[in-house]
Amino acid sequence: MEEKNKILYRILLGVTMVLLLLPMFQHVVDFPKVKKLKGAIEETRVPVFEWSKWWSGEFSNEADNYFTQSFGLRPDFVRLDNQLAYGLFGEFRAKHIVIGEQNYLFEQNYIDAYTGRDFIGENETVEKVRKLKMIEDTLKARGKDFLIVLAPGKASFYPEYIPDELGSASDSTNYIFLSKELKRQAVSHIDFNAWFMENKGKMDYPLYPKTGIHWSHYGMLLGMDSLLHRLEKNNGWDLPDVVWGEIEYVDERRRIDDDIEQALNLFSSFPNYKMAYPEIEIKNKEKDRPKMICIADSFFWEMFNMGMMEKIFNQGKFWYYFNTVYPDEFKNPTTTGDFDWDVEFANTDVFVMMATEGNLAYFPWGAENAFLEYFSNNYEFNQEQRENRIRKIIENIKSDEKWLGHVREKAKEKNISLDSMLWKDAEYMLAN
Amino acid sequence: MVFSSVIFLLYFLPVFLCLYFLAGKKYRNWVILLASILFYSWGAPRFVFILLASTWLDFHLVGHMYREKNPMRKKWLLGLSIFLNVGLLAYFKYANFFVDNLNAFLTSIGAGAVPWADVILPIGISFYTFQTLTYSIDVYRGVHRPLEKARDYMLYIIMFPQLIAGPIVRFNEIADQITERQETNAERLMGFYRFCIGLGKKVLIANVLGAKADAIMGMQDFSTLDSTTAWVGILAYTFQIYFDFSGYSDMAIGLGKMMGFRFPENFDNPYVSKSISEFWRRWHMTLGTWMRDYLYIPLGGNQVTVARLYFNLWFVFLISGLWHGAGWNFVAWGAYHGLFLILERLFLNDWLKKMGGFISWFYCFLVSVLGWVVFRIEDIGMAGLYYRKLFSFEFGILDFSDGRFWFIFSCALFFSFFIFFPQGKKIQDKIFFKSYSSRMHVAMWCASMMLFVFSVGALSTADFNPFIYFRF
Chain A
1 MEEKNKILYR
11 ILLGVTMVLL
21 LLPMFQHVVD
31 FPKVKKLKGA
41 IEETRVPVFE
51 WSKWWSGEFS
61 NEADNYFTQS
71 FGLRPDFVRL
81 DNQLAYGLFG
91 EFRAKHIVIG
101 EQNYLFEQNY
111 IDAYTGRDFI
121 GENETVEKVR
131 KLKMIEDTLK
141 ARGKDFLIVL
151 APGKASFYPE
161 YIPDELGSAS
171 DSTNYIFLSK
181 ELKRQAVSHI
191 DFNAWFMENK
201 GKMDYPLYPK
211 TGIHWSHYGM
221 LLGMDSLLHR
231 LEKNNGWDLP
241 DVVWGEIEYV
251 DERRRIDDDI
261 EQALNLFSSF
271 PNYKMAYPEI
281 EIKNKEKDRP
291 KMICIADSFF
301 WEMFNMGMME
311 KIFNQGKFWY
321 YFNTVYPDEF
331 KNPTTTGDFD
341 WDVEFANTDV
351 FVMMATEGNL
361 AYFPWGAENA
371 FLEYFSNNYE
381 FNQEQRENRI
391 RKIIENIKSD
401 EKWLGHVREK
411 AKEKNISLDS
421 MLWKDAEYML
431 AN
Chain B
433 MVFSSVIFLL
443 YFLPVFLCLY
453 FLAGKKYRNW
463 VILLASILFY
473 SWGAPRFVFI
483 LLASTWLDFH
493 LVGHMYREKN
503 PMRKKWLLGL
513 SIFLNVGLLA
523 YFKYANFFVD
533 NLNAFLTSIG
543 AGAVPWADVI
553 LPIGISFYTF
563 QTLTYSIDVY
573 RGVHRPLEKA
583 RDYMLYIIMF
593 PQLIAGPIVR
603 FNEIADQITE
613 RQETNAERLM
623 GFYRFCIGLG
633 KKVLIANVLG
643 AKADAIMGMQ
653 DFSTLDSTTA
663 WVGILAYTFQ
673 IYFDFSGYSD
683 MAIGLGKMMG
693 FRFPENFDNP
703 YVSKSISEFW
713 RRWHMTLGTW
723 MRDYLYIPLG
733 GNQVTVARLY
743 FNLWFVFLIS
753 GLWHGAGWNF
763 VAWGAYHGLF
773 LILERLFLND
783 WLKKMGGFIS
793 WFYCFLVSVL
803 GWVVFRIEDI
813 GMAGLYYRKL
823 FSFEFGILDF
833 SDGRFWFIFS
843 CALFFSFFIF
853 FPQGKKIQDK
863 IFFKSYSSRM
873 HVAMWCASMM
883 LFVFSVGALS
893 TADFNPFIYF
903 RF
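Sequence order for the protein chains is A and B.
According to this note's numbering, the first sequence is numbered sequentially starting from 1.
According to this note's numbering, the second sequence is numbered sequentially starting from 433.
Heads up, some of the hints might be wrong.
[Said to hold, decoys possible] Lysine to any residue pairs mimicking SDA-like chemistry, simulated, CA-CA at most 20 angstroms apart: (1) B:706 / B:853; (2) A:6 / B:615; (3) A:6 / B:613; (4) A:38 / B:893; (5) A:133 / A:391; (6) A:6 / B:618; (7) A:95 / B:836; (8) A:95 / B:893; (9) A:4 / B:618; (10) A:4 / B:874; (11) B:866 / A:8; (12) A:95 / B:643; (13) A:4 / B:615; (14) A:35 / B:893; (15) A:95 / B:837; (16) A:6 / B:869; (17) B:457 / A:10; (18) A:53 / B:478; (19) A:144 / A:347; (20) A:6 / B:453; (21) A:53 / B:481.
Keep in mind that the hints were calculated from the coordinates and are not lab data.
Just so we're clear, the structure is a prediction, and the values are computed from it rather than from any experiment.
Please model the complete structure; the sequences and the hints are all you need to start from.
See below:
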């Protein structure tokens with residue numbers, strides 16, 4: 001009996017040691033393979049030993065951080081903890097995720113946007129749109145197209161599933177004021193948020209998934225289609241054709257349709273629901289292939305991943321949050337500042353700025369000021385912009401009979417032509 | 433390095449245990465010593481040299497003292513050893529406090545402040561100073577011979593399981609185990625189980641309670657706090673500090689056991705106490721017995737006049753408070769406990785006996801809970817405001833939306849008062865103090881592995897993981 005017990009103790013201790021060593025072993029040899037975690041995860045670098053860093057304690061901090069973020073089998077430990085938290089307390093460890101009624105998943109910033117918690121105010125919105133208008137005028141004066149795209153927002157689309165305690169609809173939201181102001185100042189834009197809300201329940205397939213935060217793959221394709229048609233119409237282009245094939249309507253989630261659920265990193269899955277996946281082919285690539293720069297949030301990713309920038313446009317660029325630039329970033333870290341803007345602006349035919357309601361508070365992430373600063377420092381743009389504005393003032397004068405009569409009298413007094421007088425007056429008004 | 437960190441649990445510990453188990457018996461102390469130096473220098477590299485130098489010096493000083501025949505010179509050598517150790521503690525832990533207060537006084541009387549650059553506190557200094565003191569004093573008193581090798585003395589002081597936050601292992605309790613100890617696989621397994629229980633207490637319970645306690649008691653302004661929230665905050669802290677500290681002690685005891693050491697117990701269900709004197713026999717027991725044997729008894733203990741007895745009691749608790757931290761709030765906390773000890777001796781004990789068990793328990797629990805306010809909130813003025821909020825009786829709605837907190841809080845309540853149940857004491861004894869049957873080993877192994885895995889899971893997602901007693 002005693003001998004039997006000793007064998008048992010030896011086995012238990014041996015297994016304990018093996019299990020304790022397993023994560024380190026996995027970390028070193030990367031075996032067994034572990035399914036990676038989903039979502040935005042900060043990569044930590046292997047700390048480099050230096051005596052000075054060790055002495056100051058910096059090395060141990062870096063090493064602690066590195067091992068905590070990268071230890072072997074970590075993804076499974078994270079999933080286990082997430083699963084326990086969700087199973088026992090209905091709690092998500094992933095940050096800022098909200099579980100709504102009937103397991104509809106949201107992100108907090110979308111709800112904040114819908115309830116007006118992140119509202120930046122009317123004045124700031126007006127000013128922002130004024131700058132966008134100036135950008136549009138300047139670009140259009142150079143024969144370049146400019147378009148604002150308001151992507152749909154899940155909180156606006158599915159308000160009935162937002163937990164009551166997180167608030168209700170507000171009249172003062174960034175989306176309401178921005179869309180109103182874009183119309184008032186006549187900035188070229190597409191409002192997909194409004195279109196999605198209007199068509200909710202009217203389409204054959206879901207426009208929004210239950211467990212994803214972005215538009216459904218199907219909804220995105222509709223959006224892409226509208227966007228391309230709009231660009232074709234605005235510019236007289238004939239872009240390559242996006243041909244829709246058979247639509248698979250299946251009881252599973254693919255592509256981005258369960259992106260929040262994936263980011264929860266659970267072992268279990270949410271109950272299945274039907275989503276549509278059309279077959280898409282891009283044909284006639286020999287047609288017009290203008291160059292596009294799209295400054296957007298994550299709502300553009302799925303269009304980008306469909307090959308829109310390379311198959312429809314001519315090596316278009318995705319300036320993600322007006323920061324990192326794709327596809328360049330895939331090869332080397334690249335930001336918008338790494339480019340020669342003279343070349344980029346000269347070669348680009350259309351600029352699109354796109355954001356969903358949850359990101360409108362910061363939209364377009366400083367691009368408006370950077371563009372205007374670039375224009376004001378660039379003589380060619382500046383001169384064109386100036387002349388364009390003078391022409392607008394002249395148009396205003398001409399549309400007002402009384403004012404035009406007054407200018408005509410002044411032209412007679414000075415003995416110059418009416419056109420010269422109009423130009424002079426408009427110049428004076430612009431300067432003052 | 434802390435026990436409840438990934439780097440310790442999944443890298444340091446497995447490698448250490450492998451090396452330790454594979455090393456021949458005569459090399460095992462070297463393995464522990466080198467691992468301990470790495471462990472300490474990981475978090476506080478600049479202090480490891482002070483620690484090693486001071487222990488080396490102390491070892492030789494005490495060796496001289498032991499060999500010295502002249503009683504007067506022996507006493508001087510003891511004094512020098514105490515001066516060296518207490519001096520280090522005083523400099524590193526209390527110099528800032530002393531200078532800050534001196535400067536406050538000088539400024540108040542219009543004199544210039546003393547220029548001073550703040551001293552950084554070496555981690556665990558309060559614990560290892562008390563251990564070095566027991567070495568000098570135990571050898572002086574003839575309780576035990578000094579160790580023969582400086583390596584063994586350094587091992588006693590710097591041994592990583594108990595270096596940072598105790599338990600305070602007195603020299604005479606461990607001296608023989610350093611040179612000769614019995615190690616069996618059954619004991620090693622039991623050590624592992626104990627370690628996992630401690631890890632679970634710390635990571636799965638204390639951290640969750642701590643997050644709530646910090647959210648409430650760490651507020652910059654208590655003026656908007658209602659009584660309900662204030663009570664939730666202090667109760668969360670009450671159980672956090674217990675599970676945090678006792679969890680650490682369990683981990684230390686368990687690790688010691690895996691190496692064949694038997695460290696003293698440090699906690700015995702303190703919140704079931706029915707008087708403050710009982711509380712101190714159950715809370716941080718190694719500090720309590722250290723204070724009794726190395727301070728209270730040398731001051732005269734009970735063998736003095738009543739007035740002197742009360743003074744001794746209060747003095748010991750003031751020192752105990754100050755040991756916890758260089759701040760007036762810790763002094764106030766010590767004085768507060770000392771006051772209740774004296775009151776109990778004066779009349780409270782008799783009165784409580786008449787009132788029965790529940791009232792006695794309630795009194796003691798309430799006193800200890802209220803004591804934690806001034807312990808947690810360093811600013812005395814803020815602590816005062818917190819007390820006012822506790823008793824303002826402006827109750828708000830109890831927020832049950834944080835399901836995890838309330839579940840863990842219920843677990844903390846259950847385990848804190850576990851031995852109130854008829855079977856509780858039996859189960860506790862069976863788990864912690866009796867040898868196991870093979871079936872019990874398998875059950876405990878499975879439970880321990882689960883705790884270990886859940887704890888690592890929690891650590892892999894959490895960024896809230898401080899040990900409260902590290903700063904003492």
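Worksheet item: Are the Cα atoms of residue 144 of chain A and residue 347 of chain A separated by 20 angstroms or less?
Response: 10 angstroms, holds
Item to complete: With a cut-off of 20 angstroms on the C-alpha distance, tell me whether residue 6 of chain A and residue 613 of chain B pass.
Response: 19 angstroms, holds
Worksheet item: Are the Cα positions of residue 95 of chain A and residue 893 of chain B separated by 20 angstroms at most?
Response: OK: residue 95 of chain A and residue 893 of chain B at ~11 angstroms, within 20 angstroms.
Worksheet entry | Pair hint outcome, residue 35 of chain A versus residue 893 of chain B [Cα-Cα no greater than 20 angstroms] | At roughly 17 angstroms apart (the allowed maximum being 20 angstroms), residue 893 of chain B and residue 35 of chain A satisfy the hint.
Worksheet item: Hey, residue 6 of chain A versus residue 869 of chain B, does the alpha-carbon distance stay inside 20 angstroms?
Response: 11 angstroms, holds
Discussion item. With the threshold set at 20 angstroms, check whether the alpha-carbon distance from residue 706 of chain B to residue 853 of chain B stays at or below it.
Written reply: Since the Cα atoms of residue 706 of chain B and residue 853 of chain B sit roughly 16 angstroms apart, the hinted pair holds (cutoff 20 angstroms).
Discussion item. Holds or violated: residue 6 of chain A and residue 618 of chain B, Cα atoms, limit 20 angstroms.
Written reply: 8 angstroms, holds
Practice prompt. Starting from residue 53 of chain A, check that the Cα of residue 481 of chain B is at most 20 angstroms away, please.
Written response: 17 angstroms, holds
Worksheet item: Straight-line Cα separation of residue 95 of chain A and residue 643 of chain B no greater than 20 angstroms?
Response: 16 angstroms, holds
Item to complete: Compare the distance between the alpha carbons of residue 6 of chain A and residue 453 of chain B with 20 angstroms, and conclude whether the hinted pair is satisfied.
Response: 16 angstroms, holds
Discussion item. For a C-alpha distance cap of 20 angstroms, please report whether residue 4 of chain A and residue 618 of chain B respect it.
Written reply: 12 angstroms, holds
Discussion item. Next pair to validate is residue 866 of chain B with residue 8 of chain A; report whether the Cα-Cα distance is within 20 angstroms.
Written reply: 18 angstroms, holds
In this structure, every one of the numbered hints holds.
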